[in-house]
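Protein sequences appear in the order of chains Y and R.
Quick note, the first sequence lines up with residues 1 to 447 if you use this note's numbering.
Quick note, the second sequence lines up with residues 1 to 149 if you use this note's numbering.
Heads up, some of the hints might be wrong.
[Stated by the list, open to error] Pulled from the structure, derived: some chain Y residues nowhere near chain R, Cβ distances all over 12 Å: (1) 27; (2) 88; (3) 126; (4) 131; (5) 135; (6) 142; (7) 153; (8) 361; (9) 420; (10) 427.
[Said to hold, decoys possible] Ranges between beta-carbon positions, derived for each pair: (11) 106(R) to 72(Y): 25 to 31 Å; (12) 125(R) to 138(Y): 55 to 61 Å; (13) 143(R) to 100(Y): 32 to 38 Å.
Because the hints were derived from the structure by calculation, they are not lab data.
We put the beta carbon where it would ideally sit given N, CA and C, even for glycine.
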Amino acid sequence: MAQNQRPRSILESLGEEIVRIITPVSICMFMVVLLVSVLNSSSSSSSSASVSSIATIAYAETSTDSSWDKFLGALLNSLVFVAVVTVVTFVLVLLFYLRCTKFLKLYMGFSAFVVLGFMGGEIALFLIEDFSIPIDCITFMVVLFNFAAVGVLAVFMSKMAIIVTQGYLIVIGMLVAYWFTLLPEWTTWVLLVALALYDLAAVLLPVGPLRLLVELAISRDEDIPALVYEARPVTYNDSGPMDGVAQRKVWRDRRGEDLNDGSNSNSNTNYVFVDNVDSGSNTLSNSNAVLDSNSDSNTLVSGYNDASLVGAEEGRVPERDAELSVPLIDRRMIIQPQQQEDAVSSESLMLEGIGLGSSGAIKLGLGDFIFYSVLVGRAAMYDFMTVYACYLAIIAGLGVTLVLLALYRKALPALPVSIALGVLFYLLTRFLLEVFVVQCSLNLLMF
Amino acid sequence: METGSDTHPANPNPNPNLNILNNRNPSPSRNSVISGTSPVWPTIDGPLGLSEEDSLSYARRFYKFGFAMLPWLWAVNCFYFWPVLRHSRSFPHIYRYVVRSAVGFAVFTALLSSWALTFAIGGDRLFGSVWDQLVMYNLAERLGLTGWS
Numbered sequence: 001m002a003q004n005q006r007p008r009s010i011l012e013s014l015g016e017e018i019v020r021i022i023t024p025v026s027i028c029m030f031m032v033v034l035l036v037s038v039l040n041s042s043s044s045s046s047s048s049a050s051v052s053s054i055a056t057i058a059y060a061e062t063s064t065d066s067s068w069d070k071f072l073g074a075l076l077n078s079l080v081f082v083a084v085v086t087v088v089t090f091v092l093v094l095l096f097y098l099r100c101t102k103f104l105k106l107y108m109g110f111s112a113f114v115v116l117g118f119m120g121g122e123i124a125l126f127l128i129e130d131f132s133i134p135i136d137c138i139t140f141m142v143v144l145f146n147f148a149a150v151g152v153l154a155v156f157m158s159k160m161a162i163i164v165t166q167g168y169l170i171v172i173g174m175l176v177a178y179w180f181t182l183l184p185e186w187t188t189w190v191l192l193v194a195l196a197l198y199d200l201a202a203v204l205l206p207v208g209p210l211r212l213l214v215e216l217a218i219s220r221d222e223d224i225p226a227l228v229y230e231a232r233p234v235t236y237n238d239s240g241p242m243d244g245v246a247q248r249k250v251w252r253d254r255r256g257e258d259l260n261d262g263s264n265s266n267s268n269t270n271y272v273f274v275d276n277v278d279s280g281s282n283t284l285s286n287s288n289a290v291l292d293s294n295s296d297s298n299t300l301v302s303g304y305n306d307a308s309l310v311g312a313e314e315g316r317v318p319e320r321d322a323e324l325s326v327p328l329i330d331r332r333m334i335i336q337p338q339q340q341e342d343a344v345s346s347e348s349l350m351l352e353g354i355g356l357g358s359s360g361a362i363k364l365g366l367g368d369f370i371f372y373s374v375l376v377g378r379a380a381m382y383d384f385m386t387v388y389a390c391y392l393a394i395i396a397g398l399g400v401t402l403v404l405l406a407l408y409r410k411a412l413p414a415l416p417v418s419i420a421l422g423v424l425f426y427l428l429t430r431f432l433l434e435v436f437v438v439q440c441s442l443n444l445l446m447f
Numbered sequence: 001m002e003t004g005s006d007t008h009p010a011n012p013n014p015n016p017n018l019n020i021l022n023n024r025n026p027s028p029s030r031n032s033v034i035s036g037t038s039p040v041w042p043t044i045d046g047p048l049g050l051s052e053e054d055s056l057s058y059a060r061r062f063y064k065f066g067f068a069m070l071p072w073l074w075a076v077n078c079f080y081f082w083p084v085l086r087h088s089r090s091f092p093h094i095y096r097y098v099v100r101s102a103v104g105f106a107v108f109t110a111l112l113s114s115w116a117l118t119f120a121i122g123g124d125r126l127f128g129s130v131w132d133q134l135v136m137y138n139l140a141e142r143l144g145l146t147g148w149s
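Based on the sequences and whatever the hints tell you, model everything.
Dropping the structure here:
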């Protein structure tokens with residue numbers, strides 16, 4: 001009878017979890033590549049020169065400068081941008097420390113509205129102009145307003161269908177990523193590298209703002225009010241009935257982390273279940289209630305079946321394989337607010353970094369979506385060959401990050417590995433592979 | 001392991017704490033005993049979604065907010081509570097709001113699409129010079145909306 005309990009091996013469930021995080025990343029990248037190729041092929045590249053933003057405040061790239069000048073200018077731009085982002089992140093940490101959660105949520109709802117409404121509207125206008133779609137302004141305004149308002153509700157204000165929330169998060173990532181691809185070329189690449197380094201520092205250094213934020217959130221067991229994509233947790237179909245939906249703790253207990261898997265899985269498991277038993281009713285009066293009363297709409301609800309069954313596996317597996325036992329049950333993510341170009345910034349909007357909620361679902365910050373898509377979008381501006389290479393590189397980097405997450409079981413930055421591989425593959429493809437492939441094709445040798 | 005209702009598949013588990021979970025009886029408003037299947041959840045997310053009490057307040061809230069020119073919110077409401085539409089007898093209160101949302105969405109969409117199609121297909125011939133003033137790409141050009149200010 002025990003065999004009925006485990007319909008899948010841990011490898012299958014692990015694979016499904018990974019697929020559930022790679023799929024949205026791929027969709028976001030694909031949409032950005034689509035947008036880039038549709039909108040940039042129809043209009044000339046002269047429009048990129050008119051984009052002035054906080055990322056080009058120090059140096060506006062023109063096509064007549066020498067490479068070295070462009071590089072220095074890009075470096076300057078990136079430093080300015082990273083400095084702004086650092087300041088903003090520290091402000092966010094301060095606000096979170098002072099428990100201004102309501103303000104943060106309102107601000108982020110507002111930013112989400114701006115991104116969806118204004119940037120979504122602008123991109124829609126680009127498309128309308130390019131394809132001469134005969135839509136009138138009334139319909140357009142109504143549709144746009146609907147789209148933006150429901151997006152804000154889905155992402156921040158209410159509990160909505162998981163797929164709707166995920167869809168809107170992907171759309172937000174896509175819109176911001178498209179915007180970033182409008183920056184000048186050198187600036188974009190140097191900015192990506194600079195942000196990857198910043199992410200590494202901010203998450204792993206003890207003084208890094210993101211690490212402080214995560215530590216604060218863990219100590220209070222609160223959810224960080226920011227944009228994070230959470231993959232749907234893997235459910236097991238033959239789980240027992242649940243009396244109502246249980247609340248869970250946002251962060252898994254820390255004391256489980258320090259000991260090794262084998263000895264501690266059971267206490268981890270028990271902790272999870274104790275929490276569940278306490279939360280018989282669905283009200284916030286649960287003593288283990290996750291969040292404080294302000295964020296009433298943000299109570300995280302998960303099928304405790306999943307946690308219980310995964311936990312049960314966790315209890316059993318260590319006898320066999322202590323290393324592989326609980327790859328996905330761990331802590332959380334890193335955040336990195338990103339500042340947007342306009343004064344109406346959505347700085348605390350995007351998150352980067354990868355981590356795990358206590359239900360075992362993988363969480364990936366929206367900043368990661370954005371910068372992966374920026375890299376691929378930029379690659380698309382050159383040729384599709386670079387797109388394929390960079391896509392594979394980024395997915396490989398994401399896989400490596402997930403493995404590291406399973407190994408180290410703490411919040412990790414998701415940008416560095418993927419961006420490093422992506423940039424490397426872009427350069428290799430552009431300067432080496434393309435020449436090779438083109439010559440082979442011209443001489444009818446291959447391809 | 002509960003011995004009462006036999007509606008759930010056997011759920012053996014070495015962990016004793018889990019049995020406390022499984023011993024809970026489903027609430028009487030669920031049709032599980034009658035239908036012989038797992039309890040029906042009001043939301044499309046199933047056990048990951050809302051409970052029944054929360055669902056009522058959410059359905060009501062979405063319905064009321066939809067009146068602020070948000071038919072898409074009504075559509076999302078219907079999508080989210082799709083099981084309610086299918087098993088209307090299990091959730092009488094939620095069903096009322098969801099049905100009204102569906103009706104509202106249908107009416108609004110009919111109106112909006114008829115206007116949009118008339119505008120698109122009729123074009124210049126029907127509206128005359130007003131068409132050029134109303135169409136979006138001209139408006140965007142005139143107001144300079146695509147200048148990435």
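Hints, one by one, checked against the model:
no.	hint	result
1	27	holds, 19 Å
2	88	holds, 22 Å
3	126	violated, 6 Å
4	131	violated, 9 Å
5	135	violated, 5 Å
6	142	violated, 6 Å
7	153	violated, 7 Å
8	361	violated, 10 Å
9	420	holds, 30 Å
10	427	holds, 29 Å
11	106(R) to 72(Y): 25 to 31 Å	violated, 60 Å
12	125(R) to 138(Y): 55 to 61 Å	violated, 19 Å
13	143(R) to 100(Y): 32 to 38 Å	holds, 37 Å
Hint compliance for this structure: hints 3, 4, 5, 6, 7, 8, 11 and 12 are not met, and every other hint is.
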